[in-house]
Amino acid sequence: MFAWLKKPASETQITHGQRLWLYVLAVIIMVLLVTPTLIVIPMSFSDSQYLEFPPRVWSLRWYEHYLSSPEWMLATWTSLKTAFLTMLVATPAGVLAAYGLHASQVRFVRAAFLFLITPMMVPLVLVAIGVFYVYAQIGILYTLFGLVLAHSILALPLVVIVIGSALKSYDMSQENAARSLGAPRWKAFVTITLPQIRFAVVTAALLSFLTSFDEVVVAMFVSGGDNPTLTRNMFNALRDQIDPTIAAISTIMICVTTFLMVLAQIFGQQRAAKD
Amino acid sequence: MRSQDSDALPISIRGVTKTYGAVHALDDVSLEVKSGEFITLLGPSGSGKTTLLMVIAGFTRPDCGSLKFGEREVIRTPPHLRDLGMTFQSYALFPHMSVAGNVAYPLKLRKLQKAEIAERVEKALETVQLGGYGDRRITQLSGGQKQRVALARSIVFEPRILLMDEPLSALDKKLRDQMQIELRHLHEKLGMTTVYVTHDQREALTMSDRIAVVNKGRIMQLASPRELYERPANRFVADFIGDSTFLPVERSGEQVSYGGMPLKFVQAPPDTPTLALMVRPERIVLSSEGPREGANNFAATAVEVVYQGDSYLLHARLDDGTLIALRGGVRGASLSALPNVGDKVTLTLAPEDTVLIDGSEA
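Protein chains in written order, with the working numbering: chain A, 1 to 275; chain B, 276 to 637.
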């Protein structure tokens, strides 16, 4: 242990001992970041009628309650459907957009890129309000279609950025080579470019799934009726009756999200390792 | 000598212009490449040589002009239907495929039978001396091997035209010299019409049947390596190919003189408003016994003597102030007879080596 403290931590001869304060700070920050999220996990296994920490009696009753509630099941189903469809819409659209921006030589590429990522920069509530009024006008409020469309708008910037950065380290002359060898452009893209950015595509798909699955603000405005999302119902339940079902659902959502994030990380690493 | 001459195609480029904004990347370029010829586009970076290659390949659409492969007009044909082999500066190999996968790619696109693909891939790899390398991954190859795979891939479908964009620029000098000779032999064997792009003048001189020197979007001169070196059309070409010093000369009638001294020359000077005398360092000679009868003699002062192993370089100042370079052999006694800095020397230029060119700045 003490020997480790005296070992250099980097090329610059700084030892782990000299860096100790940095490690402690990093741990404190991580704990602060994660604790509020993790605290719901023990709460979800409580037998109490109310949210309490730490729980006095353990039980799985709130998981049972969640799984046997038609309302919660409908919301879960809606969220999963929406997230999946968002992924199917945003990923191809974003890949094509990023590719177009990368390959294009026109002058307003930069402007087009900024335009595409505005949904990420504009406050979410503004997007939600705007979408709400547009949807009310054209009559697709509270439909699955509308919700998927709105979430795709939010997911698109992520896909464009992830794919765009992958294409930056990709040698486009490979595609030219394929074309000179007899491949039409679409075929050159599918057989040469796409396989080499596949990890980025998977990462982008997972992120767009998560964008939709975790999203609450837009969902508050445009989901509901037959198509309430899980996040929307959770928010309403918190407002109306605080019972530990929320904690149980949160725990499940944390598991799903963490799992997908880990997947995205793994694919991201493979991408890095390949370069 | 060339076994497949009948299969090669001539390329005819007429009046091709390409502008980017106000810049003329190509300015009314015309070029006839003969069937089976190895032609090099040589020029500094930004001269338009790569743009011209990209026009031939179909990746750049010119503003106007005509491009024919044989009798076929292809200016509007997309790259994948032009049926030409091309190698790229970065090799552009597909890292997600094996060596054999790369070479088989154009054959698979042409929907050949599996057995035939395997056979032709192996044959192409043997042609570039990589027989048995089919299963290797691209990342396992050295630079020279990558270049060979790229070459095999571009010739495996027997295109009648081969385009090469600075294929050797990423290799170290020894390997580059070796590959130059190899490419040359390969060209003789396969006989494809070849358009080669480089900024390396020695490479161009070594490999080409003819060289087109490109500058500012125009072809300055199209000639054989020897003619280009010995009889450059203008100062740009003379300066770009080899080293040279230019001396101002005056013409009066048939006579051309430098600093009042009439010059002896063999080749008639070009019919241009101004002339310049081109002096190559390896053609001008240091005379140990003073002015020589029957040659052009220049009085000068030695400024610097540099020993370079295989030769020496002498910088001398002519009486009019022009600095002139002279390269001499280091065999035997010539080394000990080298002048010291400040010595008066006589430089002589034989009439056959007295080359008068267009004196205007191109």
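Among these hints, one or two may not hold up.
To be verified - Derived list of chain B stretches under chain A, where covered just means 3 residues or more per stretch with a C-beta under 8 Å from a C-beta of chain A: (1) 357-364; (2) 369-377; (3) 476-484; (4) 611-617.
No lab work stands behind these hints, which were simulated from the structure alone. Computed from a predicted structure; not experimentally measured. Beta carbons are placed, not taken as given, at the ideal position from N, Cα and C, and that holds for glycine.
Hint check results:
no.: 1; hint: 357-364; result: holds (count 7)
no.: 2; hint: 369-377; result: holds (count 3)
no.: 3; hint: 476-484; result: violated (count 0)
no.: 4; hint: 611-617; result: violated (count 0)
Hints 3 and 4 from the list above are not met by this structure, while the remaining hints are.
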